[in-house]
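J.: Please arrange chain G on chain X, whose structure you already have, making use of the hints.
Line by line, the protein sequences are chains X and G.
Going by our numbering, the residue at position 71 of the first sequence is 71; the numbering climbs one at a time, nothing skipped.
Going by our numbering, the residue at position 33 of the second sequence is 1033; the numbering climbs one at a time, nothing skipped.
Keep in mind that the hints were calculated from the coordinates and are not lab data.
Don't take every hint at face value.
Said to hold, decoys possible - To give an idea of the chain G side of the interface with chain X (calculated C-beta under 7 Å), a few residues:
hint: 1; residue: Leu1044
hint: 2; residue: Phe1107
hint: 3; residue: Glu1109
Think of the CB as a built atom: it goes at the ideal place given N, C-alpha and C, for glycine as much as any other residue.
Letter by letter, the chains look like this.
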Amino acid sequence: QKEVEQDPGPLSVPEGAIVSLNCTYSNSAFQYFMWYRQYSRKGPELLMYTYSSGNKEDGRFTAQVDKSSKYISLFIRDSQPSDSATYLCALSTDSWGKLQFGAGTQVVVTP
Amino acid sequence: GAVVSQHPSWVICKSGTSVKIECRSLDFQATTMFWYRQFPKQSLMLMATSNEGSKATYEQGVEKDKFLINHASLTLSTLTVTSAHPEDSSFYICSAPPTPSGNTIYFGEGSWLTVV
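The shape of chain X in the complex, shown without the other chains (with noise of 0.2 Å):
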């Protein structure tokens, strides 16, 4: 068993929709939570970065974690096609930096 599941999609949604990502974890010992965001042969980019249960907004993005049921999740408001990329969930256990990652979801915005 993976420590970290997310699901790979292709996820196609229209434009304006909500996008829904999620992954699940096994090792309660993560603390730190991260989305991040990487267009097809580019690094990633931070998006959301959470240490506590609970909701985490920033513009059109929400992340949520539950710890008790090892879940977190990322919402995107008002999706636009430009949000057409791959979105990985990140974990770690400390805050130095070695992160533990998800599959990836691909997310398709059609026009």
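T.: Below, chain G alone, put in the same frame as chain X:
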């Protein structure tokens, strides 16, 4: 903000040769850097942790004699793929831990290696 620069972005090499990838922290010092590998349509997998002035720590299953990591200064870590083979063709990317004043993990731009 802090920037991690990685070079080269693209490299093609012949099978059996070695290729070096550099990762530099441009405006901060990084005593630790991380090297990841990403095969097509797969996620990033941590290969090793590079430590300035000491040996790198490799993840299980990563051949340390094949993937040589050197972290000779506080701003430069290098990954050398020795005796490269086509199955080593991948996207290699480095990252640096957050600076004391922040919580952002900085990634390099990544390097695409194709072994022919």
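J.: Taking the hints in turn, state whether each one holds.
T.: Verification of the supplied hints:
The interface hint given for G/Leu1044 holds, since its Cβ lies 5 Å from the closest Cβ of chain X, which is under the 7 Å cut-off. At a threshold of 7 Å, the smallest CB-CB gap from G/Phe1107 to chain X is about 5 Å, leaving the interface hint in force. Proximity of G/Glu1109 to chain X holds as hinted, the smallest CB-CB distance being about 5 Å (cut-off 7 Å).
Checked against the numbered hints above, the structure breaks none of them.
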